[in-house]
Amino acid sequence: MALQVALHQKLRIDLRRIDREMKRIVKYDNDVPPGSELEQALLQTIEAGGKRLRPMLVLVGSRFGSRSNDQRIIQLAAAAEFIHTASLVHDDLIDRSPLRRGEPALHTRIGPAKALYVGNYMSARVVELLAQADEQPGGDRRSFTAVATAELCLGEYEQLAHAYDYDLSLEDYLLKSRHKTAHLMAVSLEFGARASGAPEEVCRRLYKFGEHLGLSFQIRDDLLDFTASAEHLGKPSGSDLLGGQVTLPVLYALEDDALADEIRRVGPDTRPEDIRPLLDKIRASGSLERAEAFCEAELERARDVGRSLSAYPAHEDLLTLADYFGGRTC
Amino acid sequence: MNTVYKPYTPIRYLVSPSRGASMNDTMIREALERLQAEIDPVTHIWLEPEQTMLVEALNVFKRCGVEPLRLPRMLAIYILLASALERHADPLSLDDPELTRRILDGDYLYSLYIQYALTCREEPLLRGLAPFVKKIQIARALGRSAEIRLLHAFEQVLTDSKEA
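As given, the protein sequences belong to chains A and B, one line each in that order. Take the first sequence: its letter number 75 is residue 75 in our numbering, and every next letter is one higher. Take the second sequence: its letter number 31 is residue 31 in our numbering, and every next letter is one higher.
Chain A extracted, bound-state conformation (with noise of 0.2 angstroms):
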């Protein structure tokens, strides 16, 4: 926690304005009845908090253009995040987790049904928004692919036909966390910046930046399987390993032929005491040190496409994105 605020006030947001415009969307919005079971769940899924990466990703990329401070800067950040919440409400239902960084989730709460159509209703409110702004002079078409988010269910996809999947190749891992994680972070970057009118170039290239960044995010992720306790992780160390995702930490250590043997008998009738000895010898393998350094790697790219924007003043923030993502806690 303390590394996240020390990173919003780095990056001089204040993240106070974020959640007043989440909470302002959603109360002016006159089609949600005041006081329902709707309202009042949208509300709390709001005040649940989160790290609230993607809607400073918006506005660090509104600074490479002129129109940084514009009230629809804002709103695009909100809405990035209204995005991801929704993803998320959906992602504990896909994984029935019955838990959301450490209370009930919200399908825990309402239901399924109800907590389904909550996410969508984000997504759609969005969209609307999206629709109005984009009448207006200066609208951009191209924002609505913002909240086009396939790529974001093919990254799930990929996820599922290769549950379990040990023969999964280091290209179908990058290709489905690039999918899965790196998209929506790289998007919301680049949105920002062509919102506040940055040119096209660099707005391509705060999407590269986003997709390295995002891509280290989800290996650090992996790793946190085998790094973190359960109680940082609101669910028992090696969950991933147990569920079947083959992340690049047990990628690696599937090349030990000794390890591979082991690693290839857990499926979905593995109980989590039988990987503990696993789990122990998949962070003595050395595995995890090579995990760690390619997301170095990708960091270090992320930081060269930010160095490659040093005509502007806010490629600082680039690098200070790139370092919190390097000092992210395991």
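Hints in this document: simulated from the structure, not taken from any laboratory. Wrong hints could be hidden among the right ones.
[As the list claims (entries may be wrong)] Cut-off 25 angstroms, straight-line C-alpha distance, at most; resulting in silico cross-link-like pairs (PhoX-like, lysine-lysine):
1. A:Lys27 to B:Lys135
2. B:Lys162 to B:Lys135
3. A:Lys10 to A:Lys235
4. B:Lys135 to A:Lys23
5. A:Lys51 to A:Lys235
6. A:Lys10 to A:Lys51
This one's a predicted model, so the numbers in the text were calculated from it and none came from an experiment.
We have chain A; now place chain B onto it with these hints.
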């Protein structure tokens, strides 16, 4: 509206391209062909909409003055959105082994609906439908799912755009 999964095989049409096939059949076939080409193979989504529903949609579009060349893409957009909504329709239960697929398919088809509408330069339609799609989700969240008919929403948007 049925969505079934199967390994990728050559497209099987609901309406066979036989001699004397009606104009509607041709347009339905063209719309489905376009859509199946847009759907990523990794999803294994196979759309099999009911023909009567598509004929009804075509009749509404024609009544609203949609020009013939625009009809197949209009129908494709309608199929995508209707399929997305159908995949997320209640009842939904955590015990349903298809739940994961239904959520993913609904999300994917909705995203594809936006992307495809943009590809076809149908932003005005996308804009016009946006409040209706949102109201459908609100109605569902409030347990009043039968309040808004999708085809009626299309009709209203198309009529409004004709009058504008």
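Okay, the hints, checked on the actual structure:
no.: 1; hint: A:Lys27 to B:Lys135; in the structure: 15 angstroms, holds
no.: 2; hint: B:Lys162 to B:Lys135; in the structure: 23 angstroms, holds
no.: 3; hint: A:Lys10 to A:Lys235; in the structure: 30 angstroms, violated
no.: 4; hint: B:Lys135 to A:Lys23; in the structure: 18 angstroms, holds
no.: 5; hint: A:Lys51 to A:Lys235; in the structure: 18 angstroms, holds
no.: 6; hint: A:Lys10 to A:Lys51; in the structure: 14 angstroms, holds
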